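**Student:** What follows is each chain in one-letter form.
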Amino acid sequence: MTCAECRLQLDDIIDGEYAASEPQAEQLAALEAHLRGCAACRAVEAQLRELIARAAALPPRMSPPRDLWPDIAQRVRRAPAQVQTHRPWTRFSGLAAAAGVVLALSGVFALRGAEQRRVLDTTSTTGISMRTALSPVGVLLPEREYERATAALMEAVEARREMLSPETHQVVTRNLRVIDDALAELRSALDSDPGNDELASLFSSTQRRKVAVLQRVVRLSL
Amino acid sequence: MKRTLLLFGLAVSLASSALAQKVDETRSADPRGRIQIENPSGRLTIVGWDRDEIHVTGTLAQGARLDFDITAGQAAIEVDGEGHHHDSSRGSVLEVHVPKASRLDIDGAINTSIDVQGVEGRVSAETVNGNISVVGAATEVDVETVNGQVEVRGGPRRVRAESVNGDVLVEGASGDVEASTVNGALEIRGDSFERVRLEVVNGRVAFEGGLSSSAILEIEGVGGDIDLTVPGDVPADFSISSFNGDIDNAFGQKAERVSRWTEEKELSFSNGGGGAKVEIHTLNGNVRISKK
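Sequence order for the protein chains is A and B. The first sequence runs contiguously to residue 1594 in this note's numbering. The second sequence runs contiguously to residue 294 in this note's numbering.
Do not take every clue at face value.
[Said to hold, decoys possible] From chain B, some residues computed to sit far from chain A (all C-beta separations above 12 Å):
hint, residue
1, Thr28
2, Arg34
3, Val49
4, Ala103
[Unchecked claim] One side of the interface only, derived from the structure: several residues of chain B facing chain A at Cβ under 8 Å:
hint, residue
5, Gln64
6, Phe245
7, Trp263
[To be verified] Non-contacting residues of chain A with respect to chain B, defined by C-beta distances greater than 10 Å in every case (computed):
hint, residue
8, Gly1409
9, Ala1425
10, Asp1565
None of these hints come from the bench; they were simulated from the model. Predicted model, so just to flag it, every value in this text is computed and none were measured. Just so you know, even glycine gets a beta-carbon here, dropped at the ideal spot from N, CA and C.
Please build the complete structure, drawing on both the sequences and the hints.
**Tutor:** Following this line, the structure appears as structure tokens:
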């Protein structure tokens, strides 16, 4: 069982959905075996359990601080041409529950050493929607994969440092900082508006831009 | 004293020129062949001409040699043997005349500026530290640099132009354009486009051109204003958002603030019956839509 398969079924484990019937018991056994051997999935399970416990502790009825209906009614009454609900080019679904979107980070680099060539393919598919990925429960996995890919590529860039002039190396470092600053701003904006598809798409493409820049520097300096 | 210094300078100059090797070689070539050129450091100028010949002239850096081979219609011109000069002024300076319908692949450049003129086939060029300029009637252009400016002028039907630290200018193109930079301005101007994708992290984007009724135009920016100029009768559906900026629309429709807790504004409208898809999204920047 892969981590992606395990995490798709965590809800069922926590909700006790697996009855004593034979096929589901086997599935449950496979899930539990995976969790025993995977610290990352155990961490996600723990966070999910905590989230559900905190939600269960909320009062049964909560009134909003003000009447939201007038704003909602106004947007519902708006003419269809003014509200575009489908953005076909947006890479990530607007539905928080949809887990079918794949974030793929792919970094391929080669280190040409004196005796061997090492090629690392850091392709990762998570099967978790960007919205879920940016929520407290699912934030670890895509962020970790991105950081691993960029760390590996940074290592490759440093290994080829003598091929670049000091000025060029400074330019590359400075521009990577530009991208990191942009990502920090985007992250902050997403914190204030976590359901924003456009921001999520901008965030994702800026992450990919950093990976692409690092790949290019490594490739062109071989 | 002055005369001594003058004589000394002259002696050094003569010695330097004696170390640099002049190049002047000509070979017959396939009029539509593939030509691969490598020059790690210095300057490359490629000029398309009407002769079925490749003519290489210039000056090689100290310690460098030129490998010039033609096999089965494919030519390879490679500067080799020198150390990698971080100072491109100490590199090899070559001018290469090629049949104008040739397909050019310029790679292996580290500290090299590249200038292509009058080549009508496909042009592909990459460098790490240096500007790239492609001017003429190339049908397809694929160029990238890390530290330098990219300039493509002419009528290519397909362009991919990328820089990390530098401006990217594409003028006179049509069809498909993909352009990006991390830190710099993007300017795209042309006739009628089918597919355009522009990405900037920190810099201004300016697009001016027409769109076919099935075109897709996507612009993403993080920090910097975006200026879009299209014909007044462009058949397109627009979807625009700016998280921290204003949206100014010459077509009349006004952007609306979509949240009471953030400054984000959105604008969606159709013009000319719709058809083309125009998507513009930026975090920190104003968006201005103008009519041609």
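**Student:** Decide, hint by hint, whether the structure agrees.
**Tutor:** Status of the hints after comparison with the structure:
With a least beta-carbon separation of about 30 Å from chain A, Thr28 (chain B) lies farther than 12 Å from that chain, consistent with its non-interface assignment. Every Cβ of chain A is farther than 12 Å from the Cβ of Arg34 (chain B); the closest lies at roughly 28 Å, confirming the non-interface assignment. The claim that Val49 (chain B) lies off the interface holds: its Cβ sits roughly 24 Å from the closest Cβ of chain A, which is beyond the 12 Å cut-off. Every Cβ of chain A is farther than 12 Å from the Cβ of Ala103 (chain B); the closest lies at roughly 27 Å, confirming the non-interface assignment.
For Gln64 (chain B), the suggested interface contact is broken, since its CB lies about 18 Å from the closest CB of chain A, more than 8 Å. Taking 8 Å as the C-beta cut-off, the interface hint given for Phe245 (chain B) holds, the closest approach to chain A being about 5 Å. The interface hint given for Trp263 (chain B) holds, since its Cβ lies 7 Å from the closest Cβ of chain A, which is under the 8 Å cut-off. Taking the minimum C-beta to C-beta distance to chain B, about 40 Å, the non-interface status of Gly1409 (chain A) holds against the 10 Å cut.
No beta-carbon of chain B is positioned within 10 Å of the beta-carbon of Ala1425 (chain A); the least distance is around 28 Å. Distance check for Asp1565 (chain A) against chain B: the nearest CB is about 5 Å away, which does not clear 10 Å, and the non-interface claim fails.
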